[in-house]
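Participant: Line by line, the protein sequences give chains A and B. Mapping to my numbering: the first sequence position 50 is 50, numbers consecutive. Mapping to my numbering: the second sequence position 308 is 308, numbers consecutive.
It is worth saying that the hints were derived from the structure and are not from the lab. Since the model is a prediction, treat every value here as computed from it, not as a measurement. Be a bit skeptical, because a hint or two may be false.
As the list claims (entries may be wrong) - Here's a subset of chain B near chain A, in silico, CB distances under 8 angstroms, partners left out:
1) Lys-13
2) Ser-18
3) Val-43
4) Ser-50
5) Thr-169
6) Tyr-189
7) Pro-192
8) Ser-193
9) Asn-220
10) Arg-222
11) Ala-257
C-beta atoms are modelled at their ideal positions from N, C-alpha and C, and glycine is treated no differently.
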Amino acid sequence: MSSIFYDHLLEFDKLEKYVKKHVKTEEERVEIYHLIDEIVHHRIIGCILDRLPREHHEEFLHKFGEKPHDNELLSFLLSKIGHDVEAFIREEVYTLGSELLELIRPKIKKTS
Amino acid sequence: MYGNDIAETIRQKFKVKSLEAQKKLSTLHPHAVAFLKEKGVPVSQLRNHSTKLLGAGIAGGVLLLSPSIDHTITSVDYAKRLTTNLNQTATNLPARGYERTYMEKLNEVLPQEVRALNREEEKRLEQLFYEAYGVKARGTLEGEHLNTTYGRIGAEQHLRRYPGDTMATHDAVAEKDEGMAPGLGAWGYFAPSKEKLTPELVETEKWYAVVQTLYLPDWNTRTRFLRDWYKHRKVLIVNTDNGKAVVAGIADSGPAAWTGKHFGGSPEVMNHLGGARYKKGPVVLFFVDDPNNKVPLGPVTMQQTQLPDVSLKAL
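This is chain A alone, in the form it adopts within the complex (with noise of 0.2 angstroms):
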């Protein structure tokens, strides 16, 4: 389900194959998906409080903790930071995704 506006977003495919690879527990890989989906939320709060200009912060988050799967908090963002708020969001998850691979896949040595 969107359960939250930017869920649409969200593509971390190949972190989740190599999470379902080693995580061979159902318990296991429900505490990992959960550890995720908790550094999924603050950066991309964070990334979008970093654009939103300060007076539209209370304003936005009153209507997030309302509505938190509301698509049309994206036209609001929209409105108040002027530029294609899906496509910095998208860039965000992008980084992320690289981010949380590499923190986890064994480091190739090179050998020349």
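Add chain B to chain A, keeping to what the hints say.
Facilitator: Just chain B now, with coordinates in the frame of chain A:
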């Protein structure tokens, strides 16, 4: 302690990363963290909070959507969707008049964007599916409801049916088979040994579905009951791009919300819904009301019976 070192390392690294992300947000935007906390919505509990709100909305028959994205279909939306369907590839294009009419009716009910359906929309689809496929499917069954019944399905791998099961003894789809999942499904093996694997369980693994039980708002308080209730529960999955449908049994929990997907399907399920290259797409997923276990798993075909009027004016 986790079952293996890699899993434990992943958990620890993500735990640290999560704390770092929390600290950064608290440092840069302390007012925001304090505001949400005061409203009873800590950032780490956002999904849980939203799921509860949506669950209450669905149970009350009203989805908490803003009026501007209300599901009511305008003629422009409808024409746009119909054109989209007609422009799809030949394999997705409904070839005959009946299927075309069915797709039109399906599109009359579905919102333009994938989202949780409200009770009224689900009722209309239940009626449509019953007439089209002859399957009694329900958005809510015995009081249970998924967080969403309209979402994106993603391709899953085969599941191990018993200890020692391999692809060598497993059916595979002809092309682009994803192979065997390294871990077990949420309900473990289907049978304790190869000898105890019944033909029914073989079918269940072959036609299995994945749903997000992990995000159910009452999963943590009714775990035991819900685990039993969802285990191998039959669901009707309808590809809303082409009308192809399959009855599957729930055999795993997921996918994670941050994948952009809401359901999963076995290689056979995905192959039937959209062909060998079909990896992700929008579907409706309803429980099958089958108390006497009469509905077989696998593809369902259209009945060619008269389709009901599911438009808003008919209600």
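Participant: A separate judgement is required for each hint: does it hold in the structure or not?
Facilitator: Hint by hint, here is what the structure shows:
The interface hint given for Lys-13 (chain B) holds, since its Cβ lies 5 angstroms from the closest Cβ of chain A, which is under the 8 angstroms cut-off. Satisfaction of the interface hint for Ser-18 (chain B) is found here, the shortest Cβ-Cβ separation to chain A being roughly 5 angstroms, below the 8 angstroms cut-off. Contact between Val-43 (chain B) and chain A, as hinted, is supported at the beta carbon level, the nearest pair being about 5 angstroms apart and thus within 8 angstroms. The closest approach between the C-beta of Ser-50 (chain B) and any C-beta of chain A is roughly 4 angstroms, which is under the 8 angstroms cut-off, so the hint is satisfied.
Among the interface hints, the one on Thr-169 (chain B) is violated; its C-beta lies about 20 angstroms from the nearest C-beta in chain A, farther than the 8 angstroms criterion. Because the beta carbon of Tyr-189 (chain B) sits about 12 angstroms from the nearest beta carbon in chain A, more than 8 angstroms, this interface hint is broken. Residue-level restraint check for Pro-192 (chain B) is violated (minimum Cβ-Cβ distance to chain A is 17 angstroms; threshold 8 angstroms). Given hint, Ser-193 (chain B) at the interface with chain A, is violated; its Cβ is 19 angstroms from that chain's nearest Cβ, farther than 8 angstroms.
With its C-beta approaching chain A no nearer than about 11 angstroms, Asn-220 (chain B) sits outside the 8 angstroms limit, and its interface hint is violated. Annotation: Arg-222 (chain B) was flagged as interfacial toward chain A, and the flag is violated, the nearest CB pair being 16 angstroms apart, outside 8 angstroms. Of the supplied interface hints, the one on Ala-257 (chain B) holds, with its beta-carbon coming within about 6 angstroms of a beta-carbon of chain A, less than 8 angstroms.
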